[in-house]
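J.: The lines below spell out each chain.
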Amino acid sequence: MNIDFISLVQISIAAVFINNFVLSRFLGLCPFFGVSKKLSSAVGMGMAVIFVMTVASMITWIIFHYLLVPYEVDYLRTIVFILVIASLVQLVEMTLQKFSPVLYDALGIYLPLITTNCAIMGVAVLNAGKNDFTQEPYSFIESLVNGIMSGIGFTLALVLMAGIREKLELANIPRPLQGLPIAFVTAGLMAIAFLGFSGLNFFK
Amino acid sequence: MIKEELKRGIIAENPILVLALGLCPALAVSTSLQNGLGMGCAATFVLICSNIIISLIKKWIPEKVRIPCYIVIIATFVTIVELTLKAYFPELNNQLGIFVPLIVVNCVILGRAEAFASKNNLGRSIIDGFVMGLGFTLALCILAIIREVLGSNKLWGLKVFPGFRPMTIFILAPGGFFTIAFVMAMINYFRQKKEGGQS
Amino acid sequence: MLDILKLSIALTIVAIGSGLVVAFTYYNTGEEIQAQERRNQMEALEAVFPDGVEIKTRSGNNPLPSTYWVAQTDSGLAGYAFKQKSKGYAGDIQVIVGVAPSGEILGLNILSHKETPGLGDRVSEKPSKKYIWNVLAGTSEKTSPWFTEQFKDLSVFEEIKIDKSTEYHTCSDEKKGKLEKTNTITAITGATISTRAVKNCIRKNVPEYLNYLKSSGESS
Amino acid sequence: MFGKYSFRGGVHPSHNKDQTASRNIETFPAPERAIIPLSQHIGTPAKIAVKRGDTVKTGQVIGEAGGFVSAPVHASISGKVVSVGPFPHPLGRRVTSVEIENDGTNETVEFNPSDKPWREAAPQEIVQKISAAGIVGMGGASFPTHVKLSPPSNKPIDTVIINGAECEPYLTADHRFMLEKTEQILLGALIIKKVVGAAKLFIGIEENKPDAIEKITEQLNKEIFKEIIPAKLQTKYPQGGEKQLIAAITRRQVPSGGLPMDCGCIVQNVGTACAIWEAVSEGKPLYQRVVTVTGPAIRKPGNFLVRIGTPIKTLVEKCEIDYDAAQKVIMGGPMMGLAQSDLDAPIIKSSSGILAHSTLTAGTRDYDCISCGNCVKACPINLVPSFISKFVQKGLYEDAMAWNVLDCIECGSCAYACPAKINLVHYMKLGKFHAMAIRKSQEQK
Amino acid sequence: MSSEQKLLHISTSPHVKHIETVPSIMLCVCLALIPAFAASVYLFRLKALVLTAVCVISCLATEWSIVRFLLKKPSTLGDFSALLTGILLAFNLPPDLPPWMAAVGSVFAIGVAKWAFGGLGHNFVNPALAGRAFLTASYAAPMTVFNVPDFWKARGWTISGLSEKIIRPVSDTLDGISGATPLPTFSGITEALHAESARLVDLQFHIIDFQEALPRLFFGNVGGCIGETSAAALILGAIFLWYKHIIGIRVPVLYIGTVFLLTWLFNGTGSFFTSEALLVPVYQILAGGLMLGALFMATDMVTSPVTPKGKMIFGVGCGILTFTIRKFGGYPEGVSYSILLMNLTVPLIDRYTRPKIYGKVKKNA
Ligand SMILES: Cc1cc2nc3c(=O)[nH]c(=O)nc-3n(C[C@H](O)[C@H](O)[C@H](O)COP(=O)(O)O)c2cc1C
Ligand SMILES: Cc1cc2nc3c(=O)[nH]c(=O)nc-3n(C[C@H](O)[C@H](O)[C@H](O)COP(=O)(O)O)c2cc1C
Ligand SMILES: Cc1cc2nc3c(=O)[nH]c(=O)nc-3n(C[C@H](O)[C@H](O)[C@H](O)COP(=O)(O)O)c2cc1C
Ligand SMILES: Cc1cc2nc3c(=O)[nH]c(=O)nc-3n(C[C@H](O)[C@H](O)[C@H](O)CO)c2cc1C
Ligand code: SF4
Ligand code: SF4
Ligand code: SF4
Ligand code: SF4
Ligand code: FES
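Just so you know, the protein sequences line up as chains A, B, C, D and E, in that order. Position 116 of the first sequence, counted from 1, bears residue number 115 in numbering that gives the first Met the number 0, the numbering being contiguous throughout. Position 14 of the second sequence, counted from 1, bears residue number 13 in numbering that gives the first Met the number 0, the numbering being contiguous throughout. Position 20 of the third sequence, counted from 1, bears residue number 19 in numbering that gives the first Met the number 0, the numbering being contiguous throughout. Position 384 of the fourth sequence, counted from 1, bears residue number 383 in numbering that gives the first Met the number 0, the numbering being contiguous throughout. Position 91 of the fifth sequence, counted from 1, bears residue number 90 in numbering that gives the first Met the number 0, the numbering being contiguous throughout.
Among chain E residues calculated to face chain D with C-beta under 8 Å, some are:
(1) H17
(2) T20
(3) I356
With a cut-off of at most 25 Å between alpha-carbon atoms, the simulated SDA-like pairs for lysine to any residue come out as follows:
(4) K113(C) to T323(E)
(5) K420(D) to I172(A)
(6) K84(C) to D3(A)
(7) K129(C) to R164(B)
(8) K231(D) to E206(D)
(9) K125(C) to I145(B)
(10) K125(C) to R164(B)
(11) K128(C) to P97(E)
(12) K393(D) to E165(A)
(13) K420(D) to S74(E)
(14) K231(D) to H14(D)
(15) K420(D) to L26(E)
(16) K118(B) to A14(C)
(17) K63(B) to V79(A)
(18) K158(B) to W132(C)
(19) K359(E) to D261(D)
(20) K71(E) to G178(A)
(21) K128(C) to E90(B)
(22) K355(E) to N422(D)
(23) K113(C) to L154(B)
(24) K158(B) to W145(C)
(25) K36(A) to N187(B)
(26) K71(E) to I186(B)
(27) K355(E) to G256(D)
(28) K86(C) to G128(A)
(29) K36(A) to L347(E)
(30) K57(B) to A9(C)
(31) K163(C) to R164(B)
(32) K199(D) to D261(D)
(33) K118(B) to I8(C)
(34) K153(B) to W99(E)
(35) K84(C) to I2(A)
Source of the hints: derived by calculation from the structure; they are not laboratory data. Everything numeric in this text was worked out from a predicted model, so none of it was measured. All residues carry an ideal CB built from backbone N, CA and C; glycine is no exception.
Use the sequences and the hints to build the structure in full.
T.: Rendered as structure tokens:
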């Protein structure tokens with residue numbers, strides 16, 4: 000397999016900074032706003048998402064390219080992916096519970112939330128499409144990297160958000176803005192700052 | 000009764016603006032009214048259809064495989080929507096992008112299947128699907144109208160104000176967040192005012 | 000055991016049902032989807048050639064792209080069309096360009112881009128003077144993208160210059176003529192990078208293709 | 000020969016010491032009426048030893064130590080006990096006190112000095128004398144000195160530091176003391192060193208008191224004082240805080256939550272040292288002390304040797320307080336002193352100064368914290384007062400605890416430095432109060 | 000109580016406080032910006048004056064309306080922070096921006112970035128920079144057109160900004176000329192450095208070498224935002240603030256130092272000790288908004304860490320991001336985005352750089 004290093008770096012930069020899942024692509028917003036109140040839970044959720052995203056992007060890629068495409072049933076993509084992801088999360092949960100109770104305690108409560116998290120489904124669907132940089136379908140390695148990096152990008156945004164929200168607990172937010180609205184304003188300002196990464200390219 | 004149901008779906012339990020569910024499609028496709036309405040209709044279609052099927056077959060589905068079954072049913076209708084859009088509304092399909100397949104994970108739909116359709120009869124489930132879908136669609140349209148007008152000075156792709164210079168940020172990601180924050184804050188403000196007046 | 004069996008059966012039935020419904024939908028829409036794709040392709044091609052030509056797909060070999068198109072009229076060869084891409088501000092810009100064998104641009108069509116809304120994405124902007132109330136009142140208007148329009152009749156063999164002082168759709172006819180004479184396009188304000196990317200799509204390979212085609216004596 | 004010592008953090012308030020620094024200590028006349036609280040120290044209050052109607056002599060015990068961490072209280076004037084009951088106390092509460100009416104005779108009990116020279120006496124005997132004299136720390140915390148001088152055997156003390164820093168603005172009592180009672184202080188210091196068996200004895204003085212430094216250096220030429228090491232301290236508040244002093248002089252740190260003895264140190268104020276000398280050599284109990292009376296609203300400031308129990312009012316009126324100008328009367332210095340609500344409260348063993356302020360605290364409007372970090376820079380304990388105060392304001396006491404609110408020494412440097420004029424010390428105190436309660440409930444579990 | 004004794008005030012210690020107050024700090028920063036303001040008016044004439052006035056007035060008006068009408072609290076104009084935000088926002092705008100856009104930015108800066116979070120001290124991003132970023136995303140074209148100061152135009156510099164002539168890649172000049180950005184990606188600079196001046200002359204440009212360019216940058220004879228062009232005026236103001244203990248030396252020095260170091264290491268000329276290799280970083284720290292950002296905006300206390308170690312991390316982080324965006328990013332200028340991005344990390348930095356407290360030992364309880 001020949002690995003296009005430049006493409007991998009570009010995918011990584013794009014997934015973490017330029018097209019950050021949360022701040023630019025609008026994926027995974029429900030957990031982003033739901034689990035960012037405390038830094039500790041944000042880290043836990045982030046880790047769980049990175050893990051599941053990585054595994055999910057590998058498995059869905061394999062299924063898509065070795066099952067759906069050859070048999071020309073790629074229109075079943077949505078059904079198959081969601082089933083794979085749902086059972087994957089179940090499997091991960093059960094395995095963790097059995098073999099690593101510590102990790103299960105840390106990530107366990109976040110896992111069920113992940114099933115209906117569009118970030119996971121999103122990365123699977125994106126990986127089934129075309130690479131923005133080469134206009135070719137994603138290779139296995141590329142989709143793997145895309146999965147990990149998208150998870151890291153999600154976690155980065157989540158952790159930054161949690162830090163800020165913990166600080167906002169101490170601020171005097173005007174009453175109509177308290178709760179979700181100020182969280183959206185915060186996310187908006189974060190997204191503005193992340194615009195600074197737009198057009199970032201280490202290989203021009 | 001219908002009136003109360005409508006009020007519930009659109010105002011009291013608005014999926015996006017009150018329950019904060021299904022935020023991703025709400026923000027991602029509300030850059031123009033066309034997209035917002037398209038997404039709203041697609042989601043409503045899936046919502047109603049899956050509610051119908053689930054309330055019909057709820058008796059035969061064993062408790063333990065309930066969720067996977069719902070997911071499969073929802074995914075089926077999503078695929079139908081996907082194929083239909085591709086065939087007859089290619090433009091819209093391009094605009095909505097990956098958010099069409101993502102309807103499948105939309106928290107609103109699975110949430111309604113689980114919380115409502117699996118416990119209620121056909122008629123009520125249809126109504127529930129309809130009002131919730133309406134609430135979803137209306138919220139999307141509100142966001143979309145604000146963003147399209149402010150962000151590109153257009154509505155349904157047509158210019159609105161002569162001499163107004165649109166603020167592009169509103170059709171970019173940050174503007175999505177600001178718009179929903181603003182709408183939610185307004186809702187809070189009026190609700191708090193009402194509560195304040197009552198007490 | 001029985002329990003598991005029951006669960007599996009229920010799941011299987013649901014899955015089969017779903018599969019059937021989807022398959023049914025697919026066979027009803029599949030044709031339409033493919034037709035759509037073909038139509039898109041044709042529309043894109045027709046937009047870069049004059050009306051009334053017959054378009055044929057060709058496959059080429061180095062240095063030509065693997066696929067390109069030729070347009071023929073009754074009187075002979077009208078031109079070629081090539082798909083080209085170039086790095087814009089936020090990703091690749093893909094265009095399809097129609098050129099006459101002489102190097103004169105017949106038409107340009109932006110296929111896809113990832114440029115910033117309000118800036119780079121104006122490469123495919125259609126200027127409209129129409130307000131929402133005009134439409135409500137029933138007035139209609141025909142629009143075409145101004146940015147790609149200005150490439151028409153320019154030559155790919157000469158450097159295409161970029162004028163940043165105005166935008167084409169606001170120019171007087173006199174100015175437009177002058178621009179054409181000097182092989183110049185106007186830039187999109189604040190989006191020189193995108194402008195240059197579109198220009199590069201044309202200037203990078205197309206002259207070479209034409210030269211090659213000419214030298215290989217293709218003229219049917 | 001003086002090295003210059005300092006610590007990290009701290010602030011530089013203007014000294015304002017000139018008004019009183021050059022005034023000799025005057026003996027203040029015994030008051031008409033003395034109110035002597037039975038609790039003038041940390042620990043159990045003294046047990047009342049007289050009753051209404053008794054006649055007492057100056058120096059007579061009127062309250063006996065109520066336990067080990069306690070100290071006896073002595074009459075400071077001779078006369079009749081008119082009442083025993085709750086009286087205002089400078090720390091703000093009402094406290095059981097003995098009210099004595101002066102009979103003007105100043106009849107004094109006979110002191111019984113040590114029968115042998117202090118060098119020959121056993122440490123326990125000396126500690127016994129100190130305890131009997133009712134000596135408590137005169138640097139402000141009023142911790143019974145005999146307790147401090149009896150460290151458990153597993154905590155050896157190798158360093159004694161005599162605290163002559165007097166870093167509080169306005170106050171000059173210790174300064175005058177060092178000039179006028181140099182020898183007694185040094186002798187007292189030697190006693191302390193002997194009692195705890197320390198190897199090193201420092202005396203730390205801020206460099207803004209050059210005359211005191213000179214005076215002491217002169218004395219150090221004497222053979223008996225050879226072992227004392229002078230330490231010139233950088234003028235910076237709170238140089239006199241014992242943790243800062245220890246850090247400045249020995250580079251050691253008192254462990255968080257621990258005591259100076261946990262790092263082998265003992266710190267005693269110069270006044271305490273002098274009182275120890277007087278108790279050991281003369282058997283004199285602690286019934287008077289030097290107080291600086293000063294401040295913008297005092298017309299005749301000065302340093303006075305005042306009987307314990309003299310009402311603040313008597314003192315400030317004698318010094319011609321301008322009641323129209325006075326906004327605040329503070330016992331202690333401006334950085335840590337307590338604002339008084341009732342001027343009938345008496346001078347107690349730890350009152351080093353009375354300050355009559357004519358202005359309220361600078362900056363009357365409270366802004367929200369602007370995160371300038373001045374408080375972080377100023378805190379000698381390296382806390383983050385801005386965060387802790389916010390936690391306390393929002394009732395997040397656990398967070399305040401996690402950010403070490405309990406280590407705060409309440410020195411006030413942070414609030415002094417804060418441009419938003421947030422009363423950080425108030426929040427620190429409040430946070431400490433709640434943190435203590437939390438800790439207690441945790442321990443109970 | 001005796002008649003002459005009125006109620007005494009009681010309060011917790013300390014009873015004396017430092018004279019510095021929030022308004023005095025803000026006023027000092029405003030004073031420190033006077034040289035830069037003078038320079039901007041001198042260079043850009045009426046445009047600078049109008050933009051600054053519009054920003055200041057709309058910031059103050061927004062603040063006043065929000066506080067009085069929405070929150071119904073006493074006016075907070077007296078803390079001067081809105082004034083300062085107005086000035087700094089104006090300084091971050093290109094001279095030819097229509098004033099109404101500046102007003103839109105001001106409303107966003109004060110209304111959303113500051114007061115949505117509860118006003119002075121509670122905002123987590125720098126309001127002025129948020130306002131600028133809002134405008135950049137909203138009106139990208141007018142926000143990225145930087146013309147040469149009127150002062151220099153009057154002296155025959157009619158075509159475009161000086162900086163464009165120095166650093167635009169040579170091949171670009173073929174495209175024609177207009178709206179110069181003061182700092183397109185600096186990969187271009189080195190190209191320009193190597194381009195023989197002869198070629199530049201052919202293309203009707205004045206010959207400008209770096210030795211001549213640097214002093215101009217230093218004194219502000221370049222295209223750019225109105226307040227950022229004169230490094231000298233900015234440094235003058237910063238020295239005053241540093242002397243008054245209002246800004247620390249760490250953030251600016253580490254910020255500028257990091258940019259200098261990185262641009263020197265990656266100067267693109269292939270060597271390190273030639274005069275060209277050394278001029279690249281000098282150019283980089285003088286050009287664009289770096290001085291303004293490092294001296295006046297990264298030092299905003301509200302949006303930077305409180306801990307000393309945190310401030311250092313903040314400074315270095317800003318430097319790295321500025322370098323990255325300038326060299327690899329799509330924007331001509333990285334300063335405002337790097338500060339905004341670092342603002343996001345401040346809560347985390349503060350949390351993990353807690354100073355080690357006095358006497359902290361391992362708990363043996
Ligand atoms: C938010 C933002 C988005 C931008 N998007 C584009 C773009 O899509 N295409 C482009 O050519 N330039 C874009 N730019 C502008 C470039 O960074 C650069 O300033 C511009 O190309 C210079 O062009 P000019 O010479 O016309 O001023 C964008 C700038 C900003 C701030
Ligand atoms: C409850 C308590 C117990 C103390 N026990 C001792 C002790 O055993 N030995 C000692 O040297 N000091 C002891 N101290 C005194 C302190 O070390 C310290 O000198 C006193 O708190 C006054 O310090 P400050 O004036 O700097 O606040 C104790 C203090 C308190 C409050
Ligand atoms: C902030 C602060 C400042 C202090 N300043 C002095 C001082 O200037 N002089 C002094 O003798 N004690 C000062 N103290 C008290 C000392 O910490 C310590 O309690 C005292 O020197 C112990 O001696 P003592 O028990 O004889 O009073 C200060 C305490 C604190 C917390
Ligand atoms: C040194 C210093 C720098 C400042 N820089 C800024 C700034 O860059 N932008 C801004 O809006 N306010 C700035 N301010 C003002 C103030 O801190 C700001 O308005 C608050 O962030 C608003 O809560 C600054 C204040 C000081 C003291
Ligand atoms: S009062 Fe407490 S928090 Fe404030 S400076 Fe002193 S020790 Fe630090
Ligand atoms: S000194 Fe005051 S304003 Fe500054 S950080 Fe501390 S509490 Fe906040
Ligand atoms: S300590 Fe007193 S002033 Fe402070 S919050 Fe409590 S009640 Fe209020
Ligand atoms: S614990 Fe603190 S707040 Fe409470 S009474 Fe004591 S000093 Fe005051
Ligand atoms: S809609 Fe995206 S996570 Fe809920």
